[in-house]
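Participant: Chain by chain, the residues run as shown.
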Amino acid sequence: MTNDEKTHIVPYKTQITVLIVLIILTAISVAVTQLEFGNMNTLVAMVLAGTKSFIVLAWFMHLKYEKKLFPIMVTSVVILFLLVLFVTFFDYSYR
Amino acid sequence: MTIHRDDLGDKFGMWLFIFTELLLFGMLFVVYAVYRSMHPEAFRIGGQELDVAMGAINTVILLVSSMTVAMSLTAMQKGDKTKCLQLLGATLLLAVIFLVNKYFEWGTKFEYGLVPGSETLQELGHGTILFFGLYFFMTGVHALHILIGIGLFIFVIVKVKKGDVHKTDYIWIENTGLYWHLVDLIWIFLFPLFYLIH
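Going down the list, the protein sequences come from chains A and B.
Number 46 in my numbering belongs to position 46 of the first sequence; there are no gaps in the numbering.
Number 198 in my numbering belongs to position 198 of the second sequence; there are no gaps in the numbering.
Hints were generated in silico from the structure; no laboratory data involved.
Since we're looking at a predicted model, the values are computed, not measured.
Think of the CB as a built atom: it goes at the ideal place given N, C-alpha and C, for glycine as much as any other residue.
Hints are supplied without guarantee of correctness; some may be wrong.
Unchecked claim - When the alpha-carbon atoms are kept at most 25 angstroms apart in a straight line, the in silico SDA-like pairs for lysine to any residue are as follows: (1) B:Lys162 to A:Ile9; (2) A:Lys67 to B:His4; (3) B:Lys159 to A:Ile24; (4) B:Lys11 to B:His142; (5) B:Lys109 to A:Thr33; (6) A:Lys68 to B:Thr82; (7) B:Lys83 to A:Thr33; (8) B:Lys11 to A:Pro11; (9) B:Lys109 to B:Ala56; (10) A:Lys68 to B:Leu22; (11) A:Lys13 to B:Thr82; (12) B:Lys102 to A:Ile24; (13) A:Lys13 to B:His166; (14) B:Lys11 to A:Ile9; (15) A:Lys64 to B:Asn175; (16) A:Lys64 to B:Val183; (17) B:Lys11 to A:Tyr12; (18) B:Lys11 to B:Asp164; (19) A:Lys13 to A:Ala58; (20) B:Lys162 to B:Asp7; (21) B:Lys11 to A:Val18; (22) B:Lys102 to A:Leu48; (23) B:Lys167 to B:Ile154; (24) B:Lys78 to A:Thr7; (25) B:Lys11 to A:Pro71; (26) B:Lys161 to A:Val10; (27) B:Lys159 to A:His8; (28) B:Lys102 to B:Gly140; (29) B:Lys161 to B:Ile97; (30) B:Lys11 to B:His166.
Unchecked claim - Pairwise CB distance ranges, derived in the manner of DEER restraints: (31) B:Gly125 to A:Leu80: 32 to 38 angstroms; (32) B:Val141 to A:Tyr94: 28 to 34 angstroms; (33) A:Val78 to B:Gly117: 31 to 37 angstroms; (34) A:Tyr92 to B:Phe136: 21 to 27 angstroms; (35) B:Gln86 to A:His8: 20 to 26 angstroms; (36) A:Ile16 to B:Val141: 27 to 33 angstroms; (37) A:Tyr94 to B:Phe17: 34 to 40 angstroms; (38) B:Val141 to A:Tyr12: 44 to 50 angstroms; (39) A:Lys13 to B:Phe136: 36 to 42 angstroms; (40) A:Val78 to B:Tyr103: 29 to 35 angstroms.
Use the sequences and the hints to build the structure in full.
Facilitator: As structure tokens, then:
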């Protein structure tokens, strides 16, 4: 039985703050589309999306409060995905 | 008699499932990245055909629904069944609104003939065909996940009402919440990659 552990209850206030931050980041990502960064636009968009994902994973998905194993697993999967992306582009660029 | 429960194991299993989902969508994003690098101009023009306002509204709807489902867990952990049900109901409603928006959005694309296999699209060239093919497939698979989410919310609401899910046994809310946040996470990437192409 593993149910006797202390659970962390996330307060409503924290969740409202998280939502406000996420909406502000969304507004920023729409606004920066109007600016001209050349090839950097996609990078900026992905950095913003990455930041939003981090916030969703850490607070809404409770990774911040879970056992260390959970964030380690999630990080590993993200790294695996980035490696696949890298290898695919490596393949396409030099074939 | 005590019933054996393993909440940590349940949650672990849910995360493993989420990883398979991340890789499913991840590979679609890899396909997207390769095609976009091959047809940057067609993807840029294709992106401008999409309704940024509609996409942004749906983004906010999903973000708010992510918050309400997270709050429903807090409510249940505090033992407030009524509030938990209200928040789950709100999440369900937001999920339905998202799909209704999607219906109108897709409808407009169909009107203009921007549908895979249409004559209009054939004339617009290879890159545009790939863009709209990916747009419909990826937002379609995502919409399917929303639909499954709606089913899950109805199921959990019934469970909460019947008292199967209560103050000390709320793993159903927790795992359904995790699923819903995943759906939100995927949209966080779909939105800029399709609607906000510069």
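Participant: Are there hints from earlier that the structure breaks, and if so, what are their numbers?
Facilitator: 3, 6, 7 and 38
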